[in-house]
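Modelling step: build the complete structure from the supplied sequences, incorporating the hints.
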Amino acid sequence: MNKNKKVIEVKNLKKYFNVGPGLTLKAVDDLNFYIYEGETLGLVGESGCGKSTTGRTMIRLYDATAGEVLFEGKDVHKMSRAEHKDFTRHAQMIFQDPYASLNPRMTVGDIIGEGIDIHRIMGGKERMERIYNLLETVGLNREHASRFPHEFSGGQRQRIGIARALAIEPKFIVCDEPISALDVSIQAQVVNLLIELQRDMKLTYLFIAHDLSMVKHISDRVAVMYLGTMVELASSTELYDKPLHPYTQALLSAIPIPDPNIERSRQRVLLEGDVPSPINPSAGCRFKGRCRYAKDVCHQQMPELREVGPDHFVACHIV
Amino acid sequence: MAIFQPMFSRYSYSDQNLMLTLIRPGVEGHIFGTDNLGRDLFVRVWVGARISLLIGITGALIELVIGIIYGGISGYKGGNVDNIMMRIVDVLYVIPDIVMMILLIMVIGPGLLTVIIVISALHWLPMARIVRGQILQVKEQEFVLAARTLGASHTRIIARHLIPNVIGPIIVRLTFSIPGAIFLEAFLSFIGMGVPQPLASWGTLAAAGQTQLIAHPHLLLFPSIAISLAMLSFNMLGDGLRDALDPGLRK
Ligand SMILES: Nc1ncnc2c1ncn2[C@@H]1O[C@H](COP(=O)(O)OP(=O)(O)OP(=O)(O)O)[C@@H](O)[C@H]1O
Ligand SMILES: [Mg+2]
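Protein sequences, first through last, are from chains Z and R.
Numbered continuously in my numbering, the first sequence closes out at residue 343.
Numbered continuously in my numbering, the second sequence closes out at residue 1591.
If you're looking for bench data, these hints aren't it; they were derived computationally from the structure.
Some hints could be false.
[What the hints assert, rightly or not] Computed cross-link-like contacts, EDC-like style, restricted to lysine to aspartate or glutamate with a CA-CA straight-line distance of at most 16 Å: (1) Z/Lys-30 x Z/Glu-92; (2) Z/Lys-30 x Z/Glu-96; (3) R/Lys-1417 x Z/Asp-87; (4) R/Lys-1479 x Z/Asp-121; (5) Z/Lys-102 x Z/Glu-33; (6) Z/Lys-35 x Z/Asp-87.
Pasting the structure below:
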């Protein structure tokens, strides 16, 4: 990890969806963070809190409602057509659903080679050679190039998706829950593959997940999201040892500890109530309704993300 | 075969022989018999195939082109463009078919071309809806997002990702609409707005035969068999095409 260079920086990023007359769904509401070169930033939160939307807006699959995303200093959302095409060579995404993320009508070779074709990087024999190499890199073999996606298992499909993203040698990859659709036994293999690739190719990751255990293993720092806002951001060891936000504490206490003595004696922080709707949210902290410490100020004012320790940020009035 | 028909038989589709009206099939070299004007039914069924298939296939092609372009733009653009375009379809949809047919025929006057126009005018509506629904469904799939992430152009996304994945249901719909068009033409002929005499289509033949059903059933039987066989083969063709286009079923 190179702490002198931020590959991507998100400033006051907002993404609202219009879901009906007078109804605004605030999927992402004012996010600020950056990722260093070669770093993995974990992004966790419950289903529907806006993780995918954040990742997709960062690579301009969605247009931002407000704010900016700086990739090597340039705003992704203000790029010209040519600049944007160049950006697509450097930023890639690995998708959540291995069954929906591969075109069923294309061969695996063509799927992996699509980026090479679009950017006219190479052709003919050289291209095929590259595709074979990529297949081997992700743990498949070259005979697979002429097959169709339906012949593969979920884990293999995810590897094909990884090969597709790697084909154009990107710098930054958004991994959108790449393992949550896979069997537990295969999850670790895919995560280890991603870690290996990062080391070999000096990749920068935004690693999205909804549970904290796998994220800790792969991430340098972890950001916790709740209903479109970021509630806590710290190095992964710091976050696991000293969670400050009540929501992070609750999330962490949901992970079982593999030691029966500690597991029995520790106290669980249970969350009460359901996740509120992100449509037209009321003023104040988004977490107030489910927080046991909520005070008056929490109902009036949205807490800002502030630094409470070295590289440890939290958005809470109580802390 | 429908194209080469005239070479097969010594009779022509418009030759009348009033001596030999309404004879039974198999007599005097008239394999299917003759009609009330002594015209050879076998030859007329073959000629009818020409008109009916011409109407069915051109109707379906026009429907396909308009449906794909209109539905495709609507689905791909989404948002307000989609809203407006689909409201127009809705409005056209609620006009009863028969009113639309009569209006169009009054405006352009009866004839072969009019029949094709009427059929396309009615059939492109459901086609546009199907295409739009399919495109809407597919364009949000992650593999399309993946292509966009790789910097694919609109043309590439449409040609390589959307069309191959929506073509199945479209073909199924087409195999229904060709026989549908043949039927609709028969109906138009029946109410006197179809192709004019002495041109024959399966529809006009069946309509004519229907009036003499009790005495001379062969007049209805042969055109009906022709219609049924055509429908069956189009359905089988559709199934075959769909399977061939789906790598999941291809061996
Ligand atoms: N295209 C869209 N139109 C309208 N609302 C949307 C759209 N995409 C996402 N949303 C809404 O935005 C919110 C955040 O969705 P998002 O997919 O980012 O969640 P997520 O954190 O990735 O969840 P998961 O863990 O289930 O993938 C959800 O309430 C969702 O319903
Ligand atoms: Mg998601």
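Hint by hint, here is what the structure shows:
no. : hint                   : verdict
1   : Z/Lys-30 x Z/Glu-92    : holds (14 Å)
2   : Z/Lys-30 x Z/Glu-96    : holds (7 Å)
3   : R/Lys-1417 x Z/Asp-87  : holds (15 Å)
4   : R/Lys-1479 x Z/Asp-121 : holds (15 Å)
5   : Z/Lys-102 x Z/Glu-33   : holds (14 Å)
6   : Z/Lys-35 x Z/Asp-87    : holds (14 Å)
Going down the numbered hints, you'll see the structure goes against none, and every one checks out.
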